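Whole structure, please, built from the sequences with the hints as guidance.
There are 2 protein chains.
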Amino acid sequence: MRYELYYWPSIQGRGEFVRLPLEEAGADYVDVARGPRGMAAMLSFMESRSEKNPPFAPPFLKAGKLVIAQTANILFFLGARLGLAPKIQPGRLWAHQLQLTIADWVAEVHDTHHPIAGSLYYEDQRPEAKRRAADFISERVPKFFDYFERILQRNSKRSEFLLGRQLSYVDLSLFQMIEGLRYAFPKTMKKMEKKYRRAIALRDRVAARPRIASYLGSPRRIPFNQEGIFRYYAELEQ
Amino acid sequence: MRYELYYWPSIQGRGEFVRLPLEEAGADYVDVARGPRGMAAMLSFMESRSEKNPPFAPPFLKAGKLVIAQTANILFFLGARLGLAPKIQPGRLWAHQLQLTIADWVAEVHDTHHPIAGSLYYEDQRPEAKRRAADFISERVPKFFDYFERILQRNSKRSEFLLGRQLSYVDLSLFQMIEGLRYAFPKTMKKMEKKYRRAIALRDRVAARPRIASYLGSPRRIPFNQEGIFRYYAELEQ
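Keeping their order, the protein sequence lines are chains R and V. Counting the first sequence from 1 gives a position; the working numbering is that position plus 9. Counting the second sequence from 1 gives a position; the working numbering is that position plus 9.
Just so you know, the hints here were simulated from the structure itself, not pulled from any lab data. Please read all numbers here as calculations on a predicted model, not as lab measurements. Be a bit skeptical, because a hint or two may be false.
Heads up, the list lumps identical chains together, so a pair's fine if it works in one copy or across two of them.
[Said to hold, decoys possible] Straight-line Cα separation of at most 27 Å, DSS-like style, residue types lysine-lysine; simulated pairs:
hint, residue 1, residue 2
1, Lys204, Lys61
2, Lys196, Lys139
3, Lys96, Lys61
4, Lys74, Lys61
5, Lys61, Lys71
6, Lys166, Lys71
7, Lys61, Lys152
8, Lys166, Lys61
9, Lys61, Lys203
10, Lys96, Lys71
11, Lys74, Lys166
12, Lys152, Lys196
13, Lys71, Lys152
14, Lys200, Lys152
15, Lys96, Lys74
Right, here's the structure in full:
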């Protein structure tokens, strides 16, 4: 089956959490909005009056007749299909629970540069962004990392992954989280990484997987930039 | 089976989205933290070193040996068990997608009074809260309502619910959203409700269901208050 991913073509954003498992699995997929007339296709789909299950926002995935939105929901579906999720229901719920926790973390990253409104420019909410980012760095980043470090520690007798014995889509998402934080908050990460050795080791193992390494070096991987969820503003780290 | 719900005992919060389907289904459940020594039980569980699948935050649900956290994940599991979700996988993913969209909306409501940090008092982020709430009211509330109104409209040949022919947990969540917004933003809702007739009619149908009506009139329903996710600050509506 050829999967169709619909997401903004110029950023990694939430779409990247879907691209990574597709790449890791060597799945046949097309990143629709990056192709010719792709943006038009995405927008007309979202505004369609006939589509039964319209998404609230990208990313969304077409898989045959199915149309699925909400990143964690897409991963719940796709993880199972691509062999990147546990085989039984309790394991799948646990993987999904961790993914939803990462989704919360992603939303908080976004709000460090847009604490007031997504509809305003960063420049129109700088003082608020500084305050929010300071709290994010001192309180939230350690809280999330402590949690995932603890999960890795608990699973360490079974594997070096977050759950079970094999790589799952949640490991790929934690990799992406770390990559994004390194881009957005390099000084902070430099200081903190020593403390979260298991998470960083997981990041390294993911980066070294042949298909992921090849993807990261390809033009399919959009570079981090100042339009995405992870953005670098030096003043937010001070 | 007796379900055990763990959530902060003095607020509706995210726990309420779990209480509602349990009540609608007449399920056997205990709201653990509201009982004697309940808070201690909840906290010790969260800090347990032996628990295999520790939650990042409440609410979480114990169902036999399973422990499930993240509100939408709990509802995905519980909806199916309580007969409040579609029977087949595509329908379940669609219900979950809508629930995750409501979860995003809930997070945005929270941030109207805490745009900078959950760890600070409202009083320490009032100017920022005013700006964020203004955008929430003018941009976000209509956007979410437009979406759900459209979903109701699309499903109107099949039923008066959001999906399929029967009540689902997502209908209960939209009911709760409207109740919360009425508490937090009464003037705004008074103006807007005319425009979202299908959503308000759904709210009324949910409120009139015998078990929900009985629950809402019981002491089990914690009143809205100034500690929860939905809070009323008159100045945020100006």
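Within, between, both or neither: how does the pair lysine 61, lysine 203 come out at a Cα-Cα threshold of 27 Å?
between (49 Å within a copy, 25 Å between copies)
For lysine 200 and lysine 152, with the copy left unspecified, which applies at a CA distance of at most 27 Å: within, between, both, or neither?
Answer is within; shortest intra-copy Cα gap is 15 Å, inter-copy 40 Å.
At most 27 Å between alpha carbons: which applies to lysine 71 and lysine 152, within, between, both or neither?
Result: close only across copies, 24 Å inter versus 35 Å intra.
How do lysine 61 and lysine 71 come out at 27 Å by Cα distance, when the copy is not named: within, between, both, or neither?
within (13 Å within a copy, 35 Å between copies)
Indicate which option fits the pair lysine 96, lysine 71 if close means a Cα-Cα distance not exceeding 27 Å: within, between, both or neither.
Answer is both: 22 Å inside a copy and 21 Å across each meet the 27 Å cutoff.
Copy assignment of lysine 152 with lysine 196, given that the CA separation must stay at most 27 Å:
Answer is within; shortest intra-copy Cα gap is 18 Å, inter-copy 37 Å.
Treating 27 Å as the Cα threshold, decide for lysine 96 and lysine 74: within, between, both or neither.
Cα proximity of lysine 96 and lysine 74: in one copy and across copies (23 Å, 18 Å).
State whether the alpha carbon distance between lysine 204 and lysine 61 is at most 27 Å within one copy, between copies, both, or neither.
between (48 Å within a copy, 22 Å between copies)
I want to check one pair: lysine 196 and lysine 139. Are their C-alpha atoms no more than 27 Å apart within a copy, between two copies, both, or neither?
within (15 Å within a copy, 32 Å between copies)
Between lysine 166 and lysine 71, at a C-alpha cutoff of 27 Å, which is it: within one copy, between copies, both, or neither?
between (37 Å within a copy, 25 Å between copies)
Between the shortest in-copy and the shortest cross-copy C-alpha distance, which are at most 27 Å for lysine 74 and lysine 166: within, between, both, or neither?
For lysine 74 and lysine 166, only the inter-copy Cα distance (21 Å) is at most 27 Å; the intra-copy one is 41 Å.
Reference check for the pair lysine 74 and lysine 61, CA-CA at most 27 Å: within, between, both, or neither?
For lysine 74 and lysine 61, only the intra-copy Cα distance (11 Å) is at most 27 Å; the inter-copy one is 37 Å.
Hint violations for this structure: none, all hints satisfied.
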